[in-house]
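Note that the protein sequences, when read in sequence, are chains C and B.
The opening residue of the first sequence carries number 1 in our numbering; numbering runs sequentially from there.
The opening residue of the second sequence carries number 1 in our numbering; numbering runs sequentially from there.
Source of the hints: derived by calculation from the structure; they are not laboratory data.
Take the hints with a grain of salt, since some may be wrong.
Which copy is meant is left open, because identical chains are indistinguishable; a pair holds if it fits in one copy or across any two.
Said to hold, decoys possible - Listed next, the in silico SDA-like pairs over lysine to any residue satisfying Cα-Cα at most 20 Å (straight line): (1) LYS26 with GLN84; (2) LYS139 with LEU281; (3) LYS211 with GLU277; (4) LYS211 with ILE163; (5) LYS206 with MET250; (6) LYS270 with ARG225; (7) LYS262 with HIS76; (8) LYS252 with GLU207; (9) LYS37 with LYS47; (10) LYS206 with GLN39; (11) LYS90 with GLY267; (12) LYS61 with LYS262; (13) LYS153 with GLN110; (14) LYS262 with ILE243; (15) LYS139 with GLY214; (16) LYS257 with ASP43; (17) LYS7 with VAL117; (18) LYS8 with ARG103; (19) LYS262 with MET250; (20) LYS139 with GLY29; (21) LYS37 with GLN86; (22) LYS206 with ARG274; (23) LYS270 with GLN110; (24) LYS257 with ASN204; (25) LYS262 with PHE89.
There are 2 protein chains.
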Amino acid sequence: MIVDVSKKILIVGLGLLGGSYARILKRFGFHISAITKEQSSIDYAIKENIIDEGSTEIDEKIIGEADLIIFALYPHVFVEWIEQNQSMFKSGALITDVTGVKRSIVYQIQDMLRPDVEFVAAHPMAGREVSGVENSTDKMFVGANYIVTPTDKNTPEAIQTCIELGRLLGFSNVTTLSPEEHDEMIGFLSQLTHCIAVTLMTCNDKENMEKFTGDSFRDLTRIARINDIMWSELFIANKDVLIQQMNMFMDKFAELKEMLEKDDVDGMRKMMRRSTERRALFDKK
Amino acid sequence: MIVDVSKKILIVGLGLLGGSYARILKRFGFHISAITKEQSSIDYAIKENIIDEGSTEIDEKIIGEADLIIFALYPHVFVEWIEQNQSMFKSGALITDVTGVKRSIVYQIQDMLRPDVEFVAAHPMAGREVSGVENSTDKMFVGANYIVTPTDKNTPEAIQTCIELGRLLGFSNVTTLSPEEHDEMIGFLSQLTHCIAVTLMTCNDKENMEKFTGDSFRDLTRIARINDIMWSELFIANKDVLIQQMNMFMDKFAELKEMLEKDDVDGMRKMMRRSTERRALFDKK
């Protein structure tokens with residue numbers, strides 16, 4: 001379906017991610033519409049030729065014409081939106097999303113969704129420390145991962161379309177994981193790292209430290225500039241996994257502290273060598 | 001003294017930092033010599049015109065001619081070197097260093113040093129994940145901090161020379177702190193961050209995660225590739241401060257975890273907003 005550019009794509013939530021989707025897909029020739037909160041986002045996107053049409057209202061015509069609908073909303077807003085407006089979907093429409101947690105969203109939406117509409121969940125692992133359609137770019141996904149999280153309810157065709165969408169968007173890696181595998185992985189790689197960054201940024205109030213800050217501290221706290229509404233919601237939605245990961249981190253950190261207290265240089269060096277060795281795996285290929 | 005390019009500078013330990021010092025200072029016209037472990041480093045540095053002469057031996061003539069000696073050695077090697085070879089220094093010579101901890105080094109060396117030779121400690125806050133003179137560069141210190149840590153034993157002239165050295169080397173910020181202030185600051189900004197990175201890199205052995213790694217995890221673990229000999233020594237040398245900082249971090253991390261366990265969204269959001277606000281202070285100016 002996706003390579004048929006006569007199809008109409010609707011983006012709900014025209015922010016940094018939604019805007020980047022629109023920018024890239026518009027170039028391929030798709031008809032792009034958007035529904036979003038702010039009129040200024042619509043105005044900007046039309047002026048920049050990122051979308052063909054848009055509305056700040058639940059526009060029945062725009063929704064009813066869309067073949068593919070991409071939701072880029074906060075998780076709970078996404079669920080509510082589907083509950084309230086799914087009657088307007090075109091029969092046969094495909095729905096996907098950008099939500100950063102999957103278990104709590106995917107099953108809930110698939111369970112309540114009309115049988116003639118399909119939802120294949122996906123997570124574009126990309127972001128920046130700025131927001132809004134004005135900061136969206138068509139290079140947003142270069143080097144990034146796109147993860148499709150299908151379930152038993154999905155058809156091979158819809159999964160394939162979602163995979164193709166990831167490729168069209170320019171992601172460097174497009175893969176599939178179960179919602180469970182996704183949430184475990186994201187709990188460690190993304191949520192735990194944000195917990196650490198926020199903690200590091202708030203654990204020491206000493207003044208004037210910014211004068212002496214080098215790259216290490218800056219790197220570890222880049223993501224400490226954080227959207228508090230979204231991330232607190234993502235943390236809660238993946239609570240069981242995240243707490244597990246936080247415990248794992250705390251245990252290892254306590255181990256290192258104990259080695260330091262005991263002057264166990266050999267133990268610390270062993271841990272550092274293991275760290276160096278494992279980090280090599282994570283270099284950009 | 002330093003702006004008098006007829007003076008001779010000796011660098012002991014010609015690695016990444018020592019090599020970068022040599023490269024930059026050679027350009028100003030100083031006579032640069034080096035004493036280092038590997039003949040290959042000397043050969044490379046002479047071929048590249050980074051130094052004028054060098055030796056892998058404790059060369060009495062090279063040492064005796066130097067007006068300024070820069071030590072770029074592991075902390076305990078530095079102390080031993082001074083103990084064993086200080087009789088060879090020229091009277092009136094000035095000594096400085098690059099050591100990443102100060103309290104444990106500065107007083108020890110100043111106490112044992114010949115009265116006609118002066119040691120002003122300094123810490124160039126710069127590094128890379130590679131080592132060796134072959135990776136040294138003359139852009140190494142752009143954007144970085146150079147911290148001079150004088151004591152009551154230092155003369156204003158020698159402190160001033162050390163400050164000028166930092167400026168000549170191209171550091172963006174040259175400041176002074178007491179050894180105590182330095183160690184507290186570095187315990188937080190540099191040592192704690194390395195503890196966190198090493199812990200994050202070793203706390204979860206699950207395979208294939210590198211396939212899904214985004215920029216957040218990469219940023220937080222860049223420094224997890226670590227020189228185990230040097231950093232374990234630096235940790236031990238600043239043990240009291242570092243353990244304090246580790247406890248502060250753990251307490252705050254446990255606080256965040258408790259909020260998550262209790263579904264305390266308001267508490268988490270407050271912490272995230274504080275984090276976002278504080279992080280803005282640390283942006284590169």
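Now the hints, each set against the structure:
1. Proximity of LYS26 to GLN84 under the C-alpha cut-off of 20 Å is found in neither arrangement, the shortest distances being 28 Å within a copy and 72 Å between copies.
2. For the homomeric pair LYS139 and LEU281, neither the shortest alpha-carbon distance inside one copy (25 Å) nor that between copies (28 Å) is at most 20 Å.
3. Taking the shortest alpha-carbon separations for LYS211 and GLU277, only the inter-copy value of 16 Å comes in at or below 20 Å, while the best intra-copy value is 32 Å.
4. When the C-alpha separation of LYS211 and ILE163 is checked against a cutoff of 20 Å, the pair qualifies only between copies, where the shortest distance is 16 Å, while the shortest distance within a copy is 46 Å.
5. In this assembly of identical chains, LYS206 and MET250 lie within 20 Å of each other by CA distance solely across copies; the values are 17 Å between and 24 Å within a copy.
6. In this assembly of identical chains, LYS270 and ARG225 lie within 20 Å of each other by CA distance solely across copies; the values are 13 Å between and 33 Å within a copy.
7. In this assembly of identical chains, LYS262 and HIS76 lie within 20 Å of each other by CA distance solely across copies; the values are 19 Å between and 48 Å within a copy.
8. Taking the closest pair of Cα atoms, LYS252 and GLU207 come within 20 Å of each other only across two copies (18 Å); inside a single copy the shortest separation is 29 Å, beyond that limit.
9. Within a single copy, LYS37 and LYS47 get their C-alpha atoms as close as 17 Å, which meets the 20 Å cut-off; across copies the closest is 64 Å, which misses it.
10. In this assembly of identical chains, LYS206 and GLN39 lie within 20 Å of each other by CA distance neither inside one copy nor across copies; the values are 43 Å within and 45 Å between.
11. In the homo-oligomer, the alpha carbons of LYS90 and GLY267 never lie at most 20 Å apart, since the shortest distance is 62 Å inside one protomer and 42 Å across protomers.
12. For the identical chains of this complex, LYS61 and LYS262 are neighbours neither inside a copy (70 Å) nor across copies (43 Å), given an alpha-carbon limit of 20 Å.
13. Taking the closest pair of Cα atoms, LYS153 and GLN110 come within 20 Å of each other only inside a single copy of the chain (8 Å); across copies the shortest separation is 74 Å, beyond that limit.
14. For the identical chains of this complex, LYS262 and ILE243 are inter-copy neighbours only, at 11 Å across copies versus 28 Å inside a copy, given an alpha-carbon limit of 20 Å.
15. Taking the closest pair of Cα atoms, LYS139 and GLY214 come within 20 Å of each other only across two copies (15 Å); inside a single copy the shortest separation is 28 Å, beyond that limit.
16. Taking CA atoms no more than 20 Å apart as the test, LYS257 paired with ASP43 passes in neither setting, with 54 Å inside one copy and 42 Å between copies.
17. In this assembly of identical chains, LYS7 and VAL117 lie within 20 Å of each other by CA distance solely inside one copy; the values are 16 Å within and 80 Å between copies.
18. For the identical chains of this complex, LYS8 and ARG103 are neighbours neither inside a copy (28 Å) nor across copies (67 Å), given an alpha-carbon limit of 20 Å.
19. In this assembly of identical chains, the alpha carbons of LYS262 and MET250 lie at most 20 Å apart whether taken from the same copy (18 Å) or from different copies (18 Å).
20. For a Cα distance limit of 20 Å, the shortest separation of LYS139 from GLY29 inside one copy, 18 Å, qualifies, whereas the shortest one across copies, 46 Å, does not.
21. In this assembly of identical chains, the alpha carbons of LYS37 and GLN86 lie at most 20 Å apart only when taken from the same copy (18 Å versus 73 Å across copies).
22. Taking CA atoms no more than 20 Å apart as the test, LYS206 paired with ARG274 passes between copies only; the shortest distance there is 14 Å, against 32 Å inside one copy.
23. Taking the shortest Cα distances, LYS270 and GLN110 never come within 20 Å of each other, neither inside one copy (47 Å) nor across copies (33 Å).
24. When the C-alpha separation of LYS257 and ASN204 is checked against a cutoff of 20 Å, the pair qualifies both within a copy, at 18 Å, and between copies, at 18 Å.
25. For the homomeric pair LYS262 and PHE89, neither the shortest alpha-carbon distance inside one copy (64 Å) nor that between copies (38 Å) is at most 20 Å.
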